[in-house]
Amino acid sequence: MDVVYRLADKDIFERYYKGMCYFAYTLIGDYALAEDFAQDAFIAYFKKKDEISSHEPIIKSYLYSSVKNNILNWHRRNKVQKKYWETTGFMEYDDVDIHNAIIETEVMEQINQIINELPEACRLIFKLSYLEGKGNQEIANELNLSVNTIKTQKRRGLKYIQSKLNPELFLGLISFFFIK
Amino acid sequence: MLFRFLRLNMSLKTDNIANIIVKHIQGKCTAEEIDALTRWSKADPRNEALLNGLLDTTDIEQKLMVWNAFNEDKAWQQVSSHSSPIYPIRRTSRRLRWIAVVASVLLLLVAGLIIYTNRLNSADKTMPRIVASTHPKYKNDILPAVEGATLLLASGEKVALSSEITIEDNGHVLNQDNDKIADLSRSEEVVYHELIVPQTHFFTFKLPDGTKVWVNANSKLRFPSRFLGDTRHIQLEEGEAYFEVERNEKQPFIVETSEAKIKVLGTRFNVKNYQHGFVTTLAEGSVEVYNDHSRQKIRPRQKAFMRGEELVVREADLKKDLAWKNNIFYFRNDNLKNVMQQIENWYGVQVVVNKSLINSTTYSGEIERDVPLSEILNMLEFTSGLNFSLEGTKLYIKPKK
Chain L
1 MDVVYRLADK
11 DIFERYYKGM
21 CYFAYTLIGD
31 YALAEDFAQD
41 AFIAYFKKKD
51 EISSHEPIIK
61 SYLYSSVKNN
71 ILNWHRRNKV
81 QKKYWETTGF
91 MEYDDVDIHN
101 AIIETEVMEQ
111 INQIINELPE
121 ACRLIFKLSY
131 LEGKGNQEIA
141 NELNLSVNTI
151 KTQKRRGLKY
161 IQSKLNPELF
171 LGLISFFFIK
Chain Y
1 MLFRFLRLNM
11 SLKTDNIANI
21 IVKHIQGKCT
31 AEEIDALTRW
41 SKADPRNEAL
51 LNGLLDTTDI
61 EQKLMVWNAF
71 NEDKAWQQVS
81 SHSSPIYPIR
91 RTSRRLRWIA
101 VVASVLLLLV
111 AGLIIYTNRL
121 NSADKTMPRI
131 VASTHPKYKN
141 DILPAVEGAT
151 LLLASGEKVA
161 LSSEITIEDN
171 GHVLNQDNDK
181 IADLSRSEEV
191 VYHELIVPQT
201 HFFTFKLPDG
211 TKVWVNANSK
221 LRFPSRFLGD
231 TRHIQLEEGE
241 AYFEVERNEK
251 QPFIVETSEA
261 KIKVLGTRFN
271 VKNYQHGFVT
281 TLAEGSVEVY
291 NDHSRQKIRP
301 RQKAFMRGEE
311 LVVREADLKK
321 DLAWKNNIFY
331 FRNDNLKNVM
341 QQIENWYGVQ
351 VVVNKSLINS
361 TTYSGEIERD
371 VPLSEILNML
381 EFTSGLNFSL
391 EGTKLYIKPK
401 K
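Note that the protein sequences, when read in sequence, are chains L and Y.
Counting in this note's numbering, the first sequence runs from 1 upward without gaps.
Counting in this note's numbering, the second sequence runs from 1 upward without gaps.
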C-alpha cells in the first residue's frame, strides 16, 4: 500500500515535528533517537490518516501516543543495556512524567509561536543573533544592512515580545535576545 | 481503533495546565488560575520542578535551543521519500529486535569479560581513589582518573603501563624515558595486540606510523604489530579515542568499530562508541565513514552517528565533543544521565538518583577534569538544583531542598 502525500501532510508535519522531537527528547535525552521516534510516529500516522479524524487535537493526540508507546516499548526491550539506570529506578516513567513532558512541549510550542509571530525582518535578526550567536556587525554584513538598522529591529522585537510575555518574568530572556 | 489511543493522553488537565502556564508567562492569569497552578505544582515535586523550569529564563533559553535543534525540512525529506510507509515501520521493529539480540549478546559478553578479566589478572581491578575529605559537606572525596593502561600482547603476555608509550617501527615499545618495556616484533606474521584503558584511567600513545592516539576511560583498542599492506588498520572495540593521524596517502588509516568504519588519509578526529551509541567527530581534514548500509563524507566541525542502521551527518559542537581530550568536563544542555555517565567513568563512583529528579532537566557547565570529585559536585550544586552526598564510592543525588 502506497501513501500519497498531500500538501496538507507537509503542513501537519511542519506544525508538529519539532514538538514531537522535543517531547521524545524530554523523555530520553538523545537528539538522534528523539528524531527517530518522532519520524516513526508521523510515518505511522500518514499510513493510518484515513482512519483518523482530521480534527487537529486528535492528530496531535495520536502523535503523542505513538511516540510515547514506542519509547515505552523501546525501554522495555532495552533494559539490559540500561540496567544501571533501571536499578536506580531512573528510567521508569509514570503518568506524571509523561503528562509533564506533554505540558512542557505544549508550553514550549506556544513560546516558539510567539517568537515566530515577530515581524519578518525582526525574526531573521533574532534567529541570526540568538540561534546562530552572531554579533550585530556580523549580521549587518550578512544582511547588507547598517548596524543601526539591526539595533532598531532588535528594539522593535524586544517591544513586541514584551507585549506578549510578562516582562517581570522574562526580562532576563528578553535582554539575552536583544540587548547584548 | 481510534478511541484506544485517544484515551491514553492529552487529558483535559494536561492541556489546561499548559495553557495556564503560558498565561502565567504572559502575566494574564486570573486568581482562580493561579490557585489551580499552585495546587497542581504542590501535588508532585516533579510538577513544581517543571513549573520552576518553565518560569526560569536560563532554563527556557536552554529549552529553546533544544527545540530549535530539530530540523523539520531535512526530516520531511526523509519521511516523505518513503513511498511505502511499511518499510520504516518495519525498520523500527527490526531495530527493536536487533537491540534485543544485541542486548542478550552483550549480556553474555559482559559476563564473559568479567570472568575473563578476573581470571587473567585481579590486579587490574580499578579502584576509585578514595581520600579523606577536605570539604565538611562530604564524608570522603575521590581523586580524578590517572594515566594508565594494560597492554595485552598477542602472546598473552600483559604489560602494565603508567605513562605515555611510543611503538617503534621495529616493534619496540618505549616509555617516556626511551626504555624498552616490551617487544611486539617477535613473530613474522602480523598479529593484533590490545590496549585496555579501564574506568578511572586515561592513556596516550604513538603508533609506529607516528599517529598519536588519546584513549578515554573504559576503552579497548586493537592494533597490529606493524602496518603492512594497503591500509593502516586498527579496531576500537569499545570506548572513545581521539586520533591525530600522520598523513600517508598510499596507506589510508582505517578505524574499525562495531557500527562503522572510518577511513582517513591524515587528519584529526574523535571516535566514540560506548554502549549508548556511535559518534565520530571531525576536527580537521576529511574522513569517510561507512558501514554495510551507508557511506558518508564528513567535513571539519561535523559529526556522523547512527540512525537505525544508517549513518547521518550533523554539525558538531567541537568544544563539547573534544572536551575529554582537552581534559575538561563540558556540559551543554546535557541531561543528568549523560552528565553522570561521564562522572562514573572518570571517578569510578556508582550514582544513585532520587526518583523525583526529572531526566529531561538539562545542565550546563565547564570544569577541568583534573580535580577531586568534591569540586565537580560543588560546581554542579551551585549551577543546578541538585544536592549531592558521597558515601564511599556511592554518589547520591536528590533535589535541593
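Be aware that one or more of the hints could be misleading.
Some, not all, of what chain L presents toward chain Y, calculated at C-beta under 8 Å [said to hold, decoys possible]:
hint, residue
1, Y25
2, S54
3, E56
4, E104
Negatives, chain L to chain Y, calculated, CB over 12 Å [unchecked claim]:
hint, residue
5, G19
6, T26
7, I28
8, E120
9, E138
10, N148
In short, the hints are calculated from the structure, not lab data.
The C-beta atom is built at its ideal place from N, Cα and C for all residues, glycine as well.
Numbers of the earlier hints that this structure fails to satisfy, in rising order: 2, 3, 5, 6 and 7
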